[in-house]
Amino acid sequence: MTFTRKVLAVVLAVGVAVASLAPVVFAQTVVGVTATEIKIGNTNPYSGPASAYGTIGKVIGAYFKKVNDEGGVNGRKINYISYDDGYAPPKTVEMVRKLVESDQVALLFQTLGTPPNTAIHKYVNQQKVPHLFVATGATKWNDPKNFPWTMGYQPNYQTEGRVYAVDVLKKHPNAKVGILYQNDDYGKDYLKGFEDGMGEAGKKMIVLKQSYEVTDPTIDSQIVNLKNSGATVFFNITIPKFAVQAIKKAHDIGWKPVHYLNNVSSSLATVLKPAGLEASKDLITALYMKEVTDPQWRNDKGFTDWVAFMKKYYPEGALDDQANAYGYNVAMLMTIVLKQCGNDLSRENIIKQAASLKNVELPLLLPGIKINTSATDFAPIEQEQLARFNGEKWELYGEIFDAFRKN
Amino acid sequence: MGLLFLAGVACLLPFVFSNFRLFQFTQVGIYAIAILGLNMLTGYNGQFSLGHGAFYAVGAYASAIMMDRWNVHYGWTIPVAAVLCLVVGFLFGLPALRLEGLYLALATFSLALAVPQILKYFEHWTGGSQGLVLSKPNAPFGLRLNPDQWLYFVTLAVLVVLFWLAANLLRGRVGRAIVAIRDNHLAAEAMGINTSLYKSLVFGVSAAYTGVAGALSASAIAYVAPDSFNVFLSITLLIGSVIGGMASISGAVFGALFIQFVPNWAQDISKAAPWAIFGVFLIVFMYVMPFGIAGAIRLLWIRARRSRVALSPEPRETAATRAPSAT
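Chains as they are written, first to last, in our numbering: chain C, 1 to 407; chain S, 408 to 734.
Honestly, the hints are just simulated from the structure, not real lab data. All values derive from a computational prediction rather than experimental measurement. Please note: incorrect hints may appear among the correct ones.
[Stated by the list, open to error] Derived coverage of chain C by chain S (criterion: at least 3 residues anywhere in the stretch with Cβ under 8 Å from a Cβ of chain S; other residues may be distant): (1) 41-50; (2) 89-99; (3) 279-289.
C-beta: ideal position from N, C-alpha, C; glycine also.
Generate the whole structure from the sequences, applying the supplied hints.
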């Protein structure tokens, strides 16, 4: 059946080419592109343990629908094919092979999760399929030498850990530092970035490291231990559920360190409000996106445009879920790359254009944060800015930290 | 003769289908081996397991660690994974002897829950939650087959050997003892069957089959990670076993086809609620074919034969047409 469909497609394509007086000559590896369509493949966990992230795949689809309604990209409509992989790597392999070999997509975009992307990393590079803006915070996606077809998107955890370390060294050079981290790759990545950033000084300054398992019911005893260690700076590497507990507990037992909270838990709606705005006062975090639940963006054009988009194209999506802002931003970046490709939508040119982004700003990134890529730099967002919570909103301070500039 | 014909068709598939389809059929073969292991335990011996994903994971990791750490040839890792899972399954079978029915199901379920977390604990060997990246085996002896075709043939060969072994085991003296234990534990013991030894051994063999499937999957996917072996895998295998026909050998293949392709169809039918569609498929299959696909085919076959021979005796009740007795 697919065979007859393929024959039909070929016949149609030839027909169109002959009919138009100026037939388009394509480069050699143009796959998934016709005169009217670009096929983009994606996998997302719509079911299974990580299904909370599935909304990213949906909001991306909604954004591409908006693009199509407005005429598409250079006259071509985006055909976005997204499959459920349930966050299970074997299923990701199967679905990505389906996208590449059976659906014949032009490129893969925003495949979600570190293990799922690791499973297909080698395959997509052997097949030379652009594997763009993967949705994971791991560090390994910026490796154009060995994996010239895979590109990351968001700042990675190690970079962010380094941001806090630099701030601690600058402002509190004589502090005693206590750390709480989740005992897995996410927690250890942050920890590594932080310890690398502290360098030799860290060995003396870090007085206590406490860890917890994601399955633990509470982290109260770890907080008490940290307080008793005499730490005056607290680096809190926890997911929202535990971040709420940590902020509350520290407040309740009267421990008032300089409290650095990882970006993962920077949401007002899911962390700071449940923990108590008073207890959350003076928390410090590093941001790269506008926090959608932060009142300071209420009248920001980027934010209001996003809300209007959500209401029209994805009304069932939650307006206090940062993931919906994340998907909106990254889908816009994808569209920018496609526009930049012009009429040459060969796989070679797609990856080339993705690797030549210059000072691109997106509406829901913090003002001043710019996306830059090059043939040797496959890490689009590398800037973050520190912010302090003033009891009401995140107050940005200091300059924008650039992981590459090493300030 | 029918079997030869099937084997011929199976050997032709690689030259008809695309590599992607072939990869899917390789998965079917792998699932079929795992489900056959589960069928021996649940269908023939009446012991329930909701934890076979754990043995699948042990087999996959055993193979992956050997390939990753010591550069062992993938072919050798398969028997090693089988022996390892045989031992693990046998040992788990010993305490499980005290548990019956639903209690055993829960005990095995805990195994399925625990294994992915235990894997993360031995990070040095298993690569933690990042897992281990492997490379796909190429065809040896300069055979002109691509890796997908070669893996398909390897899986097919392992499948044929294991199915042949299972058929011999289950159709002989040992098989009768295994079924007797399921049908009536006390009567089997009274006839002189060492029920505890048999039950533990069946557990071991069943785990070994599933472990071999896991080892093959490590090569086919070329990657192992704890997320690959979540609880859902165990449940999926059980679904395959029930849908295919629990107390049957051929049922394992039908069950494997079901768990490989039906979730994909469900997703094609409805993007919004694929699992609801899958649920409908499940209920329809259970309602129309209460003894699984293999049982339904056998019933049809018997009916067709009966209508041809006017005065045939009542069809003998076979293992395949009977559900395992409730305990």
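These are the hints, each one checked on the structure:
Only residues whose C-beta sits within less than 8 Å of a C-beta in chain S count toward coverage, and the region 41-50 of chain C has 4 of them, enough to reach three; the restraint holds. Closer than 8 Å: that is the beta-carbon criterion, and the region 89-99 of chain C has 6 residues meeting it against chain S, so the requirement of 3 holds. Check result for the region 279-289 of chain C against chain S: violated, 0 residues qualifying (beta carbon to beta carbon below 8 Å, three or more required).
This entry does not satisfy hint 3, going by the numbered hints stated previously; all others are met.
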